[in-house]
Amino acid sequence: VSLEAALALLDDAALEAAEEVASALHHDVGKYVCRVARNVRPGEPVPATLAGMLARDLFETHQGTRASARFESLSRGLPAALSGAPPLVLARGELERIDALEDGVRAARPEAFAEAVLAATRLEAALAGFAKDVRAEQRARAAAGPACIPRSRDGGRSE
Amino acid sequence: VRLLLIEDGHEYEEFARHFLADRFELIAAHTGAEALALLGAARDGGRPIEALLVDLRFERARTEDLVGDLPDLARRMFAGDLERARRWAKDQQGTLVLAELRKAGFTQRAVFVHDFPPDRLANLRRLYGDVHAVPGFDAEAIAAALAGPSGAGRGGRA
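Residue numbers (this note's numbering), protein chains in the order written: chain W, 57 to 215; chain B, 5 to 162.
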């Protein structure tokens, strides 16, 4: 099932819940796994001074838990219709890849660093895209009628 | 350029020490109250802080440290549900902290590391002035956003 089709199945309340989770996935998992990955050139060696930080990005990212655990914990809040959505399947695959690289990353093996950086970058892109698509559906419904109007997030001070 | 990092943990600070420390003098705050105190002390000491790098979500913050009137938020936005209001205040804490700083007269450029939709960013700018956002921890993009024209160099008018 495409993400678009799965989103269309959700009622407004479920879509709002999905938007909250998608945004948290992008923030808590996608953004933090890439603190190092975004700042090294793909294929170039990761400096040894960044090894500890890269390991924290991947395996101790959210209050000491690994990115994959945070992903699973947050994903449980998604409506069932989205559980097999392509971006989430892709993200889960990248997280499995990252977890399999743990020994190599912690041992500062350059090939493990390089692979982890690529996987983290793909993971962030998948979760960013997911969050964006969920938001787009919410906005499309808001534009179509008053049934689903996203709540202002700026302290209730809307335009 | 003196840069104040505002976050509930230490992830921004660790990132900045690795990737921004050669371009910015870093100072860290972990609550809105601490940020206000540091900004005030820096201004009064004649070495104002010139830019802000602000985390959006403060999910680890203690309730008593949160900026925002939770009962009022609950009443206005969540039909009196205090728990939902608390969750929302944590999710949006960075913007609520920024509102407090602006109210106190600190007009420095604020940069969020967050992928805001364009209309949301426009609303933040309308409310809080010099606000920028960078979607991820991209050091070059963050440095450019922090130091761009009309940003760094303004010390706040309070």
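No lab work stands behind these hints, which were simulated from the structure alone.
Don't be surprised by glycine CBs; every beta carbon is placed ideally from N, CA and C.
Do not rely on the hints blindly, as some may be mistaken.
One-sided and incomplete, this derived list gives chain B residues near chain W with beta-carbon spacing under 8 angstroms [as the list claims (entries may be wrong)]:
hint, residue
1, 17
2, 25
3, 29
4, 121
5, 141
6, 143
We went through each hint and held it up to the structure:
no.	hint	in the structure
1	17	violated (11 angstroms)
2	25	violated (12 angstroms)
3	29	violated (20 angstroms)
4	121	holds (6 angstroms)
5	141	holds (4 angstroms)
6	143	holds (5 angstroms)
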